[in-house]
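> Here the protein sequences come in this chain order: A and B. Its first residue numbered 193, the first sequence is counted upward by one per residue in the working numbering. Its first residue numbered 1113, the second sequence is counted upward by one per residue in the working numbering.
Worth flagging that the hints you see were computed from the coordinates, not collected in a lab. What you are looking at is a predicted structure, and each value in this text was computed from that prediction instead of being measured. Take these hints with a grain of salt, some might be off.
Keeping only pairs whose Cα atoms sit at most 27 Å apart, straight-line, the calculated BS3-like set for lysine-lysine is [what the hints assert, rightly or not]:
1. K225/A to K1151/B
2. K1363/B to K1825/B
3. K1151/B to K268/A
4. K1813/B to K1780/B
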Amino acid sequence: MDDKLDIPQGTLHLLILTILNREPLHGYGIAEKLAEHTRGIFQVNPGSLFPALYRLEQDGKLDSEWHATENSRNAKYYRLTRSGKKQLSEEKAYWKQITLAITSVLEGA
Amino acid sequence: MTLWNRFQSIIRWIVRRDDEESRLNAELEAFVEIAAAEKVREGIPAEEARRLARLALGGVEQTKERVRTGRHGGSLDILFQDVRIALRMMRREVGFTTMMILTLAIGIGGITAIFSVVHGVLLRPVPFPSPERIVRTAGSYTPPSNGGSIIPLPLENDWPRRNDVFEEVSLIVTSAYTLLEGGTPELVTVDRVEPNYLSVLQMQPLMGRDFIADEGENKFNVALISYEFWQQRFGGSREILGRELQFLQGKYAIIGILPRGFESPFAFSTATQFWVPATPAHNGGSIRMASIGRLKPGISRAQAEERLNATVRQIESENPAASRRNLQVWGLLKVSADNKRLLVLLFTSVAFIFLIAVINVANLMLSRGLSRGREIAVRAAIGAGRGRLIRQLLTESTLLGLAGGTLGIALGYGLLNLILSQIPQNFPHLTSIYIDRQVLLFAASTSVLGAILFGSLPAWQYSKPDLHSALKAGAHQSSESRGARWLRQCLLGTEIALACVLLVGAALAGQTFWNTLNVPLGLNSRNVVTGTLNMPSDGYPNRPARAAFANAVVERVRHHAEVESVALSSSMPLSVGGTQVASFPKGERVTDQDRIAPIATGVSPDYFDLLRIPLTSGRVFRDGEPALVINETFARQHWGEINPLGSQINLSMGGFASKQYMVSGIVKDQNNAYFANFTTPTAPQVFYPCDPCAVVLIKGKSGTASLPSILQKEVATLDSTVPVTRLRPLDDALMQSSKWANPRFRSTLFTAFSLAALLLALAGAYGVTSYSATQRTREMGIRITLGATHGQVIRTMLIDSLRPVIIGVLIGLIAAWNLSRFAVAFLYKVSPTDSRLFGITAIFLILAVVMANLAPIRRVVKRDPLESLRTE
Chain A
193 MDDKLDIPQG
203 TLHLLILTIL
213 NREPLHGYGI
223 AEKLAEHTRG
233 IFQVNPGSLF
243 PALYRLEQDG
253 KLDSEWHATE
263 NSRNAKYYRL
273 TRSGKKQLSE
283 EKAYWKQITL
293 AITSVLEGA
Chain B
1113 MTLWNRFQSI
1123 IRWIVRRDDE
1133 ESRLNAELEA
1143 FVEIAAAEKV
1153 REGIPAEEAR
1163 RLARLALGGV
1173 EQTKERVRTG
1183 RHGGSLDILF
1193 QDVRIALRMM
1203 RREVGFTTMM
1213 ILTLAIGIGG
1223 ITAIFSVVHG
1233 VLLRPVPFPS
1243 PERIVRTAGS
1253 YTPPSNGGSI
1263 IPLPLENDWP
1273 RRNDVFEEVS
1283 LIVTSAYTLL
1293 EGGTPELVTV
1303 DRVEPNYLSV
1313 LQMQPLMGRD
1323 FIADEGENKF
1333 NVALISYEFW
1343 QQRFGGSREI
1353 LGRELQFLQG
1363 KYAIIGILPR
1373 GFESPFAFST
1383 ATQFWVPATP
1393 AHNGGSIRMA
1403 SIGRLKPGIS
1413 RAQAEERLNA
1423 TVRQIESENP
1433 AASRRNLQVW
1443 GLLKVSADNK
1453 RLLVLLFTSV
1463 AFIFLIAVIN
1473 VANLMLSRGL
1483 SRGREIAVRA
1493 AIGAGRGRLI
1503 RQLLTESTLL
1513 GLAGGTLGIA
1523 LGYGLLNLIL
1533 SQIPQNFPHL
1543 TSIYIDRQVL
1553 LFAASTSVLG
1563 AILFGSLPAW
1573 QYSKPDLHSA
1583 LKAGAHQSSE
1593 SRGARWLRQC
1603 LLGTEIALAC
1613 VLLVGAALAG
1623 QTFWNTLNVP
1633 LGLNSRNVVT
1643 GTLNMPSDGY
1653 PNRPARAAFA
1663 NAVVERVRHH
1673 AEVESVALSS
1683 SMPLSVGGTQ
1693 VASFPKGERV
1703 TDQDRIAPIA
1713 TGVSPDYFDL
1723 LRIPLTSGRV
1733 FRDGEPALVI
1743 NETFARQHWG
1753 EINPLGSQIN
1763 LSMGGFASKQ
1773 YMVSGIVKDQ
1783 NNAYFANFTT
1793 PTAPQVFYPC
1803 DPCAVVLIKG
1813 KSGTASLPSI
1823 LQKEVATLDS
1833 TVPVTRLRPL
1843 DDALMQSSKW
1853 ANPRFRSTLF
1863 TAFSLAALLL
1873 ALAGAYGVTS
1883 YSATQRTREM
1893 GIRITLGATH
1903 GQVIRTMLID
1913 SLRPVIIGVL
1923 IGLIAAWNLS
1933 RFAVAFLYKV
1943 SPTDSRLFGI
1953 TAIFLILAVV
1963 MANLAPIRRV
1973 VKRDPLESLR
1983 TE
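Can you build the whole structure from these sequences, using the hints too?
As structure tokens, then:
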């Protein structure tokens, strides 16, 4: 699958929160994980990723600290805060409802 | 908690910007390195891996910019950044910035000053609640038809309270008091009111306290003073409460200060400066009908007038001998249609000036935008988005707008003072004209609006730069597109058209003023000084006492060597002064009318000689003789072909004591037209012997310089408590009378405005020409190299530069032709479409532009052609 899709509007935050819920990651790691989990369908541009990270951090959903990667480079690692976890579960529930609703419309039709 | 985080983060970005920036840098750098390391692991050579990783980031600067703008508080941060850039630009181009700020300041200054007048006169609400229910009442006697005297109604205090129209009412008597503070006695206007006066208006003093109920008994000498007197006399000091003011009429302690602009809803001629409590019992022996009242809700002025007159009829029926009285009910002072129109015209003028200023600045910004094309292209190349560029340019113009606005408001204060020094004293709501918060708000928002207006054009034009051509080596200035050139010429044409309209306005106003100066007056005011003696009723209770004092003054003044002659009159020459009812005894009736109301002026016999008013027939009355002199209009209107000399006339002032006079002479008409324009025909006038007179006229042998002090000194010698007011040369007095003051005020303002407009438009034309001449330097160089003479090239350029100007002038003339009819009421002996004035204006404007354009064109043409070719 070579076709790459833009991430649907408004879901980037949800995806970032989901990925960071598993483990703290740096910017590049988040982009990699995103591509990996979606089998390369979703490609996030750093020009969108970093503004989103800064915004989430400003909102108190993310926390960050600098430490070394496994290759002993310094990088800024992001992780979820409690408020971020709460936001994740809310958005997840909401997203499930939406997809359920859309799917049932599509299949009903 | 989150909010607090967010706030902290915003502050951090603003305060420790460099730290935050370097952290963002490090993070993006880490991103590239990690990505490169990944690629190296996949077997790509290190150099190539780094390049690919950078590509993946998709432009470091762009990403950084998106992080910055995407953050909370990002816009605030960007604003600071934009302001920094803008200030740097402004510092770099001082001349340019100064020019724009000055241009804007002129525009904003005019708007601020005129808006404060419009606001004070038309818009500012009256300083008390439900003004539509506040009325003034006044009564007048119906003169007895038999020519006999009026018999006043007896004292009756509570007539307004005898019916149910008022919620509250306060009788009021306006008097002149003599203030004895400082060197010379001063005549001031005092309203003697019932203590409930302020509660009728439902308002409070600004400082201090209101009257209390029993202060009306006159046992307590207390006074409220006006804001204006407080400011002028005491500089707004808070210490003055309780201070005593010495009047000839007694000592009064200041208990309160009324709010600013308070009296203007009532003021008709002289603004009241003091209010003292009184009961109607002290207002003389007869019934007073002047009051200020608040009507009950739902009662109209007409209903109130009807019911109040019914009450008066009832009082009259209890006193059958008394003369009948009529009572009128007025609302608060209304601004006349003429004055409203004048304000609209003035405001339109300053709006035009403002528009010209804005267009000028837009044009300057456009031409500067061109030379900045490269800078803007560089900004775009390193990551500034279109929105960001527009913001940057708009920030610059807003800053300019604010700077211009601030300077403009300062200019507005100065201009307003100038206007107030010129404004006719009968202008309504004078004390309400000042710059307050609303005016400032208006000026500030106009500046910002202007900034957006002039900022949006260049911002729109230069926010989509053609990067390639702008960055091309050697392109010092990106060249102007056809569209941009056309836009600039349209803007220039528009400002010329606006300036043309204002110039036509100024020409019409100036011609009018000139014409009014050349109106034949029918008298000679040369070397004449006039002054009014204000004899207090306490010291001069009756007519003989006043006449004796006035005559004594005349005798003393007459003996000075500088004085040629002295005369007395009851009112200023050419002013209306008083009218009297002239009726004609049996057998003397010539026309259908048995009574008319001529202007009546009491004069001493020397009056005509002093003012060089020629007698056409008969003679002047002698001292003590019951005879009078009439003007030609009176003779013509009333007697026609019949000789009026020797006829009898009864004169009665306001219906009181009627006296019989014989017509002894006829004088030439003077220009005594009543209203403030010169189109009213001469009114019939009678000159009767002083009864008594208070205006002293002195004619000097040469000049007027020493005459005022002679009069002052002689009056003071006789009685130091008599103030001499309005002491000035007759020429000045005439110029300050509304007859001349109005047209002079208008022509001064319109001339000033049109000069400002002309200046700005010329600066605009100069800027545009200078810019396009520079653009065409190369073309001129080629032409001259090919053999064209300087003169030819200059001519070509000049003609090119005049095209938008001539079109602008034509449009301006057409607009002025259509607009000038709104000014008809202000014109005298000049047609609103006077083709001579229109033509002169057009030629003058075009010549002025030619002069302004020649300099930059010559500068370019005179350059060495070889050098011109090389520079491009």
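> Now, for every hint given, state plainly whether the structure supports it.
Taking the hints in turn, this is what the structure says about them:
1. K225/A to K1151/B: 16 Å, holds
2. K1363/B to K1825/B: 26 Å, holds
3. K1151/B to K268/A: 20 Å, holds
4. K1813/B to K1780/B: Given that 27 Å is the threshold and the Cα spacing comes to 24 Å, the pair holds.
The earlier numbered hints are all upheld by this structure, with none contradicted.
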